[in-house]
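Peer 1: Construct the entire structure; sequences and hints are all you get.
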Amino acid sequence: MADIITTPHISGHADHHDVDYLHDGKGLRSWLTTVDHKRIGVMYLWSILFMFFLGGVFAMLIRLELLTPKETIMSAETYNKVFTLHGAIMVFLFIIPSVPAALANFVMPLMLGAKDVAFPKLNLFSWYIYMAGAFIAVAAMVTGGVDTGWTFYTPYSTTTDGSVALMTFAVFVLGFSSILTGVNFIATIHKLRAPGMGWFDMPLFCWGIYATALIQVLATPVLAITLLLLLMERSFGIGIFDPKLGGDPVLFQHFFWFYSHPAVYIMILPGMAIISEIIPTFSQKTIFGYRAIAFSSVAIALVSFIVWGHHMFTSGQSQLASAIFSFITFFVAIPSAIKTFNWIVTMYKGSVAFNAPMLYALSFLLLFGIGGLTGIFLGAVSVDIHLHDTYFVVAHFHYVMMGSTVIAFLGGLHYWWPKMFGRMYSEPAARVACALVFIGFNATFLPQFVLGSRGMPRRYYNYLPEFQALHQASTVGSWILGLGFLIMAGYLFASLRKKMDAPANPWHSRTLEWQTSSPPITHNFHEIPSVGGGPYDYYRPMGKGRNA
Amino acid sequence: MSEQAHHTSHSPLPYLLTLIALLFLTGVTVGAAYVDFGSSTVNLIIAMLIATLKASLVALIFMHLRHDKPINAIIFLSSLIFLGILLGFCMIDLDSRERVYPTGLRQVDVPAAAAPAAAPPAAAPAQH
Amino acid sequence: MSNTTHDVAEHRFRQHHFATAEQQLDTSKIGMWLFLATEILMFGGLFVGFGLMQGVYPEAWVAGHHHLDRVLGAVNTVFLLCSSFTMVMAVHYASTDQKSKTVLNLGLTLGFAFAFLVIKYFEYSHKFHDGLLPGRYFNLAGVGGPPQQAMFFGFYFAMTGIHGFHVLIGIILISWIMVRASRGDFSSAYYTPVDLIGLYWHLVDLIWIYLFPLLYLVS
Numbered sequence: 001m002a003d004i005i006t007t008p009h010i011s012g013h014a015d016h017h018d019v020d021y022l023h024d025g026k027g028l029r030s031w032l033t034t035v036d037h038k039r040i041g042v043m044y045l046w047s048i049l050f051m052f053f054l055g056g057v058f059a060m061l062i063r064l065e066l067l068t069p070k071e072t073i074m075s076a077e078t079y080n081k082v083f084t085l086h087g088a089i090m091v092f093l094f095i096i097p098s099v100p101a102a103l104a105n106f107v108m109p110l111m112l113g114a115k116d117v118a119f120p121k122l123n124l125f126s127w128y129i130y131m132a133g134a135f136i137a138v139a140a141m142v143t144g145g146v147d148t149g150w151t152f153y154t155p156y157s158t159t160t161d162g163s164v165a166l167m168t169f170a171v172f173v174l175g176f177s178s179i180l181t182g183v184n185f186i187a188t189i190h191k192l193r194a195p196g197m198g199w200f201d202m203p204l205f206c207w208g209i210y211a212t213a214l215i216q217v218l219a220t221p222v223l224a225i226t227l228l229l230l231l232m233e234r235s236f237g238i239g240i241f242d243p244k245l246g247g248d249p250v251l252f253q254h255f256f257w258f259y260s261h262p263a264v265y266i267m268i269l270p271g272m273a274i275i276s277e278i279i280p281t282f283s284q285k286t287i288f289g290y291r292a293i294a295f296s297s298v299a300i301a302l303v304s305f306i307v308w309g310h311h312m313f314t315s316g317q318s319q320l321a322s323a324i325f326s327f328i329t330f331f332v333a334i335p336s337a338i339k340t341f342n343w344i345v346t347m348y349k350g351s352v353a354f355n356a357p358m359l360y361a362l363s364f365l366l367l368f369g370i371g372g373l374t375g376i377f378l379g380a381v382s383v384d385i386h387l388h389d390t391y392f393v394v395a396h397f398h399y400v401m402m403g404s405t406v407i408a409f410l411g412g413l414h415y416w417w418p419k420m421f422g423r424m425y426s427e428p429a430a431r432v433a434c435a436l437v438f439i440g441f442n443a444t445f446l447p448q449f450v451l452g453s454r455g456m457p458r459r460y461y462n463y464l465p466e467f468q469a470l471h472q473a474s475t476v477g478s479w480i481l482g483l484g485f486l487i488m489a490g491y492l493f494a495s496l497r498k499k500m501d502a503p504a505n506p507w508h509s510r511t512l513e514w515q516t517s518s519p520p521i522t523h524n525f526h527e528i529p530s531v532g533g534g535p536y537d538y539y540r541p542m543g544k545g546r547n548a
Numbered sequence: 001m002s003e004q005a006h007h008t009s010h011s012p013l014p015y016l017l018t019l020i021a022l023l024f025l026t027g028v029t030v031g032a033a034y035v036d037f038g039s040s041t042v043n044l045i046i047a048m049l050i051a052t053l054k055a056s057l058v059a060l061i062f063m064h065l066r067h068d069k070p071i072n073a074i075i076f077l078s079s080l081i082f083l084g085i086l087l088g089f090c091m092i093d094l095d096s097r098e099r100v101y102p103t104g105l106r107q108v109d110v111p112a113a114a115a116p117a118a119a120p121p122a123a124a125p126a127q128h
Numbered sequence: 001m002s003n004t005t006h007d008v009a010e011h012r013f014r015q016h017h018f019a020t021a022e023q024q025l026d027t028s029k030i031g032m033w034l035f036l037a038t039e040i041l042m043f044g045g046l047f048v049g050f051g052l053m054q055g056v057y058p059e060a061w062v063a064g065h066h067h068l069d070r071v072l073g074a075v076n077t078v079f080l081l082c083s084s085f086t087m088v089m090a091v092h093y094a095s096t097d098q099k100s101k102t103v104l105n106l107g108l109t110l111g112f113a114f115a116f117l118v119i120k121y122f123e124y125s126h127k128f129h130d131g132l133l134p135g136r137y138f139n140l141a142g143v144g145g146p147p148q149q150a151m152f153f154g155f156y157f158a159m160t161g162i163h164g165f166h167v168l169i170g171i172i173l174i175s176w177i178m179v180r181a182s183r184g185d186f187s188s189a190y191y192t193p194v195d196l197i198g199l200y201w202h203l204v205d206l207i208w209i210y211l212f213p214l215l216y217l218v219s
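Residue numbers (our numbering), protein chains in the order written: chain W, 1 to 548; chain Z, 1 to 128; chain L, 1 to 219.
No wet-lab data here; the hints were simulated from the structure.
All residues carry an ideal CB built from backbone N, CA and C; glycine is no exception.
Don't take each hint at face value.
Said to hold, decoys possible - Below 27 Å or equal to it, Euclidean Cα-Cα: the simulated DSSO-like pairs (lysine-lysine) are: (1) W/LYS81 / W/LYS70; (2) W/LYS244 / L/LYS120; (3) W/LYS26 / W/LYS498; (4) W/LYS121 / Z/LYS69; (5) W/LYS26 / W/LYS499; (6) W/LYS244 / W/LYS81.
Said to hold, decoys possible - Counterexamples of contact, computed for chain L against chain W with all Cβ distances above 10 Å: (7) ARG12; (8) HIS67; (9) GLY184; (10) PRO193.
Peer 2: Structure, rendered in structure tokens:
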């Protein structure tokens, strides 16, 4: 399917060819009407970072409440709303768009040697849809909130009071932003690679984003219809999900998890994609097993669609279905393991530098190991019967979502920050923040594995006295984590106030985004690069081959 | 090489023939609905087969999949395959709900005196 | 459009980030097919729910579908099939520089689409009148039969309603294309919007091809 494109003719408008994209057009209006993928990526970046902050505030409130059993700072009803909103914001408003919409939007066309994504106007439209969904979600929060858990299980969600309709409608709208981003990226990767760049010449980041986009396109529509059915059940009492009317609440869970399980791979695949870039760069060594990693990404995406029932072992699903889903679940770990081993081997005999992006990548390797393996524990039906709905599950998914995806996102943010904004941040401050985030994260969530295996249920604001010590340890961990993020915000914003001092290629990487200025000009490249050789040819001295 | 060139030199005859076939098949499916084939499942299967035939004609000829680059057909078929996965696994669950496999575990009766001392205090029930 | 004279003679709608008109067309088609795939999965979810519940409540489904008018359903099927034909003819004429026939066929497509919606209006008002409404609004006392007919009609209104909404969107899009066609925007070098909206319209037809037997014909 290698689609070699003839060298495009650069149309001759001479004026804005030397202005970087940040300064090409001033004022709010030029940003709100831009079709430049880099500007759209930056707009997404601020939006999702704000949502991360909001979701983080809710997280801190949860941990504060759990300092003592019974009521600490809020009632039970409020607690239910707080953890629901924490989950819904983090999943739908932060983590799913984070790497694809903010980072990949910016970096991927550059990596492919393209001038933009396939459908630039659709890209802008996707951002507006995201903002609309965000506003509706905030409206849901301020009009009373939702207390169903981010999973909206029926029949509670179809009968409870609260702004369920608004929140599900917000998620419905946000789904379209995700779908359209996926459409854009698939078309971009198929058709807009630079001349000479075949499928196996593009950076692995693009393979990861491609696999993610496949899931976005195939899974999200089922979420859309699930939420519509939920809304109709609330409005008309149709009865599909309500046992009192002859419906099947487990059917809701089937529909919901058909999207939501692949969705967690929408979250992790882009994170893995970032790691595949950072490790070769900071080992100054070509990636080990390029094709294995590329195929593993697609394999993860495809297999992710046939394991969703592992969220439903205790739901009333049949024994046979549970057995089948459990069996297949073990296979989904294999491609992830392949990638992890390949990353580690890539570093062997490399010239490893420990800048902040690499520190995040190394953290990822450990934390994803823990998160992924604990997922396998949960995939065994007999073990999950005991661990389902306990803090063990909470710890598992925070290790993969936060300890892996967010850590990888932070690694990518630090890696591409000079490219995006033309400034270097303070490296010592970055290392301090990384250490605090790493320590704080483990201090918060490692105790939760113990809590869960000893029987502490999730979504409970009250608990037995024997769990208090671990809960308090976890809460203190969350303060360390929060401090790390505050310091990070500090030095990142401080860097924006400096003048642009970043070189085009501060990390001596070989992928194409580093062959243009930091920050890039509006049209990305003065001339579309002609590609020879692979993206990780570190054995070739700089200035030869790909960069010639 | 663009496939659009083939269309500009095509006559519209295939489209007309396809329409006639589609209308004919519509008549067939309506007629078949009045025939009792024994079980309602068979009626359903026949109706779905005819519908799939009609859909294939629309996809191949009206939507030009016959002449397009294969990627478009792959995209179309993929959506159907994944839909099939949703249907298939849900059906496996719904059809096997009553089937409970023996676990081979022994039933143990716990003496009343040794019942656990402190049952957890009534906490807010799990929200699902 | 394949020969190089057309590639070099750039049409005025080629965007700067594409190297050739052909690249832009191929990319646009992939984009539209991806979008159609999402529509298939969304509607498909409804079909799956409908099918699974049919297996659980076959008598209610039979009772429910007896309230539907097969003749009107068949007429609507004919309207949509004809509209698909006129739509592909419009694409054909746009690709062969026949502007007036393009506009004519787009207009005919609109006509069939409106006729579809008119029939739907009659069907819906009949249902409202007879109390055949979704969920808790179903007039079980008046209608009689298994109570899960309320669920059947929930699906009926959801499926035909969302489909009808897509017909309405199609009408708006086709009208827009008709305006552009009459302005002379399209030619054998560039008729992509007609092609793409044609694909969308055919999808609307495809969904009805399955909706009709499932809702109206199966017993």
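Peer 1: Evaluate each hint against the coordinates.
Peer 2: Structure-based check of all given hints:
A threshold of 27 Å between alpha carbons decides the hint, and for W/LYS81 with W/LYS70 the separation of about 16 Å falls inside it, so the pair holds. Of the supplied pair hints, the one linking W/LYS244 and L/LYS120 is violated, its CA atoms being roughly 32 Å apart against a limit of 27 Å. With a CA separation close to 19 Å, the supplied pair W/LYS26 and W/LYS498 stays within the 27 Å bound. With a C-alpha separation of about 25 Å, the suggested pairing of W/LYS121 with Z/LYS69 holds against the 27 Å cut-off.
The straight-line distance between the Cα atoms of W/LYS26 and W/LYS499 is roughly 17 Å, inside the 27 Å bound, and the hint therefore holds. Taking the CA atoms of W/LYS244 and W/LYS81, the gap is about 26 Å. The hint holds against a cut of 27 Å. Consistency note on L/ARG12: stated as away from chain W, and its beta-carbon is indeed over 10 Å from all of that chain's, at 13 Å minimum. Distance check for L/HIS67 against chain W: the nearest CB is about 16 Å away, which clears 10 Å, and the non-interface claim stands.
L/GLY184, annotated as away from the interface, keeps every beta carbon of chain W farther than 10 Å; the closest lies near 23 Å. Look at L/PRO193: its CB is around 13 Å from the nearest CB on chain W, clear of 10 Å, so calling it non-interface holds up.
Hint compliance for this structure: hint 2 is the single one not met.
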